[in-house]
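Given chain A, put chain B in place with the hints provided.
Going down the list, the sequences are from chains A and B. Just so we're aligned, residue 7 is where the first sequence starts under the working numbering, counting upward by one. Just so we're aligned, residue 7 is where the second sequence starts under the working numbering, counting upward by one.
Calculated from the structure, these hints are not laboratory results. As the structure is a prediction and not an experimental result, all values here were calculated from the model. One thing to keep in mind: the hints can contain errors.
Copies of the same chain are indistinguishable here, so a pair counts whether it falls within one copy or spans any two.
Said to hold, decoys possible - Mimicking BS3-like on lysine-lysine, the simulated pairs with C-alpha atoms at most 30 Å apart in a straight line are:
1) Lys-19 <-> Lys-101
2) Lys-283 <-> Lys-105
3) Lys-303 <-> Lys-116
4) Lys-283 <-> Lys-101
5) Lys-19 <-> Lys-225
6) Lys-186 <-> Lys-116
7) Lys-101 <-> Lys-277
8) Lys-225 <-> Lys-101
9) Lys-303 <-> Lys-225
10) Lys-116 <-> Lys-19
11) Lys-303 <-> Lys-186
12) Lys-225 <-> Lys-105
13) Lys-19 <-> Lys-303
14) Lys-225 <-> Lys-258
15) Lys-258 <-> Lys-311
2 protein chains.
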Amino acid sequence: MDEFELIRRFFSKDNNDASVVLGVGDDGAIISPSPGHNLVVSTDTLIENVHFPDCLPPEDIGYRCVAVNVSDIAAMGARARWITLALTLPDVDEKWLQKFSEGLYHAAQKYDVSLIGGDTTSAQQIALTISITGEVLPHQAITRSQASRDELIFVTGSLGDAAAGLDLLINSSGSSEAEKFLMQRFSRPTARSEIGQALCGVATAAIDISDGLYADTKKLLLSSELGGHLYVDRLPISMQLKQIYNQEQRLKFALSGGDDYELLFTAPAIKLDEILKISHIYNIPITEIGVVRNHSKLNCSLNDKLINYDDNGYLHFNG
Amino acid sequence: MDEFELIRRFFSKDNNDASVVLGVGDDGAIISPSPGHNLVVSTDTLIENVHFPDCLPPEDIGYRCVAVNVSDIAAMGARARWITLALTLPDVDEKWLQKFSEGLYHAAQKYDVSLIGGDTTSAQQIALTISITGEVLPHQAITRSQASRDELIFVTGSLGDAAAGLDLLINSSGSSEAEKFLMQRFSRPTARSEIGQALCGVATAAIDISDGLYADTKKLLLSSELGGHLYVDRLPISMQLKQIYNQEQRLKFALSGGDDYELLFTAPAIKLDEILKISHIYNIPITEIGVVRNHSKLNCSLNDKLINYDDNGYLHFNG
Numbered sequence: 007m008d009e010f011e012l013i014r015r016f017f018s019k020d021n022n023d024a025s026v027v028l029g030v031g032d033d034g035a036i037i038s039p040s041p042g043h044n045l046v047v048s049t050d051t052l053i054e055n056v057h058f059p060d061c062l063p064p065e066d067i068g069y070r071c072v073a074v075n076v077s078d079i080a081a082m083g084a085r086a087r088w089i090t091l092a093l094t095l096p097d098v099d100e101k102w103l104q105k106f107s108e109g110l111y112h113a114a115q116k117y118d119v120s121l122i123g124g125d126t127t128s129a130q131q132i133a134l135t136i137s138i139t140g141e142v143l144p145h146q147a148i149t150r151s152q153a154s155r156d157e158l159i160f161v162t163g164s165l166g167d168a169a170a171g172l173d174l175l176i177n178s179s180g181s182s183e184a185e186k187f188l189m190q191r192f193s194r195p196t197a198r199s200e201i202g203q204a205l206c207g208v209a210t211a212a213i214d215i216s217d218g219l220y221a222d223t224k225k226l227l228l229s230s231e232l233g234g235h236l237y238v239d240r241l242p243i244s245m246q247l248k249q250i251y252n253q254e255q256r257l258k259f260a261l262s263g264g265d266d267y268e269l270l271f272t273a274p275a276i277k278l279d280e281i282l283k284i285s286h287i288y289n290i291p292i293t294e295i296g297v298v299r300n301h302s303k304l305n306c307s308l309n310d311k312l313i314n315y316d317d318n319g320y321l322h323f324n325g
Numbered sequence: 007m008d009e010f011e012l013i014r015r016f017f018s019k020d021n022n023d024a025s026v027v028l029g030v031g032d033d034g035a036i037i038s039p040s041p042g043h044n045l046v047v048s049t050d051t052l053i054e055n056v057h058f059p060d061c062l063p064p065e066d067i068g069y070r071c072v073a074v075n076v077s078d079i080a081a082m083g084a085r086a087r088w089i090t091l092a093l094t095l096p097d098v099d100e101k102w103l104q105k106f107s108e109g110l111y112h113a114a115q116k117y118d119v120s121l122i123g124g125d126t127t128s129a130q131q132i133a134l135t136i137s138i139t140g141e142v143l144p145h146q147a148i149t150r151s152q153a154s155r156d157e158l159i160f161v162t163g164s165l166g167d168a169a170a171g172l173d174l175l176i177n178s179s180g181s182s183e184a185e186k187f188l189m190q191r192f193s194r195p196t197a198r199s200e201i202g203q204a205l206c207g208v209a210t211a212a213i214d215i216s217d218g219l220y221a222d223t224k225k226l227l228l229s230s231e232l233g234g235h236l237y238v239d240r241l242p243i244s245m246q247l248k249q250i251y252n253q254e255q256r257l258k259f260a261l262s263g264g265d266d267y268e269l270l271f272t273a274p275a276i277k278l279d280e281i282l283k284i285s286h287i288y289n290i291p292i293t294e295i296g297v298v299r300n301h302s303k304l305n306c307s308l309n310d311k312l313i314n315y316d317d318n319g320y321l322h323f324n325g
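Chain A extracted, bound-state conformation (with noise of 0.2 Å):
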């Protein structure tokens, strides 16, 4: 099979979306952006055993490589509209292809994006680097450098699950269904797109947490040219992690597991009843765990005890 006809079979399902002019096939896609509205462009890379276990399955490293693009817009209060997927691959595995493309797909779907082009090549490992745009209102974005000093910080979600999830896939068979909820947070991340959008006015800065939540709450801090304090003891940790693991485990996974792509931010006390109302619409907790403050550290007490805490997250290329 060549990547013409690769591309043929398993990635150039029709999307019915009316933005898409000329999809997968040509140079390159035309899509009709809508008026007025800017841009949001973003891209991710997935490799191999760096950001996914070799015995993840192939629909959920699809489905992945999506959610994990959707989240990025999404912490930019943008709508995702648009994937291109360059696929790097060892050989071709028709199976793969296919489970890979319906997790995809279901991804795509799901996210409501369309899979509009790509490239194909071959190397040694597994390498899926999806390119995203979105859509945004002018001055309505929300980035990471726009949080104020006393401002309060909130989470979506829970955390700390993906990273025991991943855990659980490389070391245990995973039958419980506390264990199967835990990898599927993994395998099958949340981008919190519509909160994302909701949060357009309501947040003054946020991040998607990728790296765990106390390297990238640094980073948005960092980003903004302030420092905070996280209460870890608030930390929102689902019944399923406390099931299965103890509270430094948890509190590990929470802080540095990385991997949750829940959405972190900020915004001013004034701002609360709004969020509890986003919140409550979109059935998702969030969570106020921490505050801004003007220096530029972060740190991080339990139960009102200062606790040291130093990890950076995962840095590629670190050390």
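Only chain B this time, still in chain A's reference frame:
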């Protein structure tokens, strides 16, 4: 050096592009597209020892990965505007990154595109995925599928130089002026950006030559559900290619060599004057090399004698 420092040092050059509302460094970049335009989106991955030899200097790798992506946008008749870079490296080599970044920004400046974001990851092989977005007015883009029977087939520039250049890069010291010219044609391909835009309303179908003239002509004609005829004796061959290679080698490079990134397009004979004018304005030869026929084969003749040629060009995963 962690990935944030790497991005800051090598990929955060200010681009003075008013359309870039927010550049590298957040979850996504924000761009303000030109009102009333459609977007053209394309993505291409270059992998070490697949798409370029490991002896290619990093500044040429950087230049090349931008130029080949601009070429895709040019082949659609669109104006290239913004790129993202997903960079996968086995390790962090600051000298390599510095040179690579210089080459990339050099090409970005030449083609007036802005680097707006990216991702850095590590793996065993160097891999670069560029995603590019261009702009074109509605109904102006040139696709592959609108060629008609009896139209003429044209090509810009000269053919076979890049394949010869790659051969020289690997097998020769390349000390003569002709050798240097040919190697440059591989390492710093010329995207026919201005000509592509000028061909809107003139060309009926277009493709950029990346897999070789024969394979790409076939691809274009197949998209239009047609066949054609190539007059091999008319193929534009550079002086430098003639100087070093014999006729058989030249034609092999020209027909199946790939990597030329010249534009191949079809147009009715009535447009001949306009095409000559475009060639004159941009000072690039445009040569009539064939004709579109109402069957499904692509024939070739040399001095009025039919020759057999069924090379499919370079197909990843083929066989």
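* Check each numbered hint from earlier against the structure, then list the numbers of those it violates in ascending order. => Violated hints (numbers, rising): 2, 3, 4, 7, 11; every other hint is consistent with the structure.
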